[in-house]
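**Student:** Quick note on numbering: the working numbering labels position 118 of the sequence shown as 1066, and the sequence is numbered without any gaps.
Everything labelled a hint here was simulated from the structure, so no lab data went into it.
One should not assume that every hint holds.
What the hints assert, rightly or not - Cross-link-like lysine-lysine pairs, in silico, BS3-like; alpha carbons within 25 Å at most: (1) Lys1014 x Lys1045; (2) Lys1017 x Lys1045; (3) Lys1017 x Lys1051.
As the list claims (entries may be wrong) - Pairwise CB distance ranges, derived in the manner of DEER restraints: (4) Met1091 x Lys1014: 29 to 35 Å; (5) Asn1060 x Asn1011: 17 to 23 Å; (6) Pro1069 x Pro1097: 30 to 36 Å; (7) Val1073 x Asp1122: 20 to 26 Å; (8) Glu1019 x Asn1084: 21 to 27 Å; (9) Asn1041 x Pro1097: 30 to 36 Å.
Each residue gets a CB set at the ideal place from its N, CA and C atoms; glycine is no exception.
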Amino acid sequence: MNNYPGELVAETETWRTDRSCGGRTGVASLLLCLIVLLSGVGCGGDMTETKDFDDDGGVAKANVTKGVKPEADREAAVVETEFGMIVIELYPNLAPKMVGRFKKLVGEGFYNGTAFHRVDPRTGVIQGGDPNSLNNDPFDDGMGGSDEPDLPAEFSDVPFERGVVGAARARDVDSANCQFY
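Hey, can you work out the whole structure from these sequences and the hints?
**Tutor:** Here it is, written out as structure tokens:
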């Protein structure tokens, strides 16, 4: 494992808080951006508006921020795994609550030693951040959370494309806590 200035080092991963990566993005830089709750990197616009919509299940309504250009935070997270490094850019102008939560948990060492408990090669999706992945019971992986309360949805119209990271949640749109995919 390499040590870089501005990083928190754990047994299985490294969380870098300095946005500059020195040109090192690693072999497994699969995840480039953190725009939480089904937001992505891409287009912007001049106007900002909010739109209500029903999710596919019709379970709840959520607001969607429209026309906001993603602005990367000066800090980024770097996850170092046995397969390489994953760089996660943070976009607090699109998901301020979830980015704040993520940074808080990283600072507390919450994610240290956790595993990517869901790896689906068919879709290319990986999911991690569950504290239950620290125990020896694989059957409860994906069901854990932090001691913090769940957060409300922070959707945007920025496309959710390959390489984008989102906050995992249950069926309730306002159930994001600590897991990401």
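**Student:** In ascending order, which of the hints set out earlier in this document are inconsistent with the structure?
**Tutor:** 5, 8, 9
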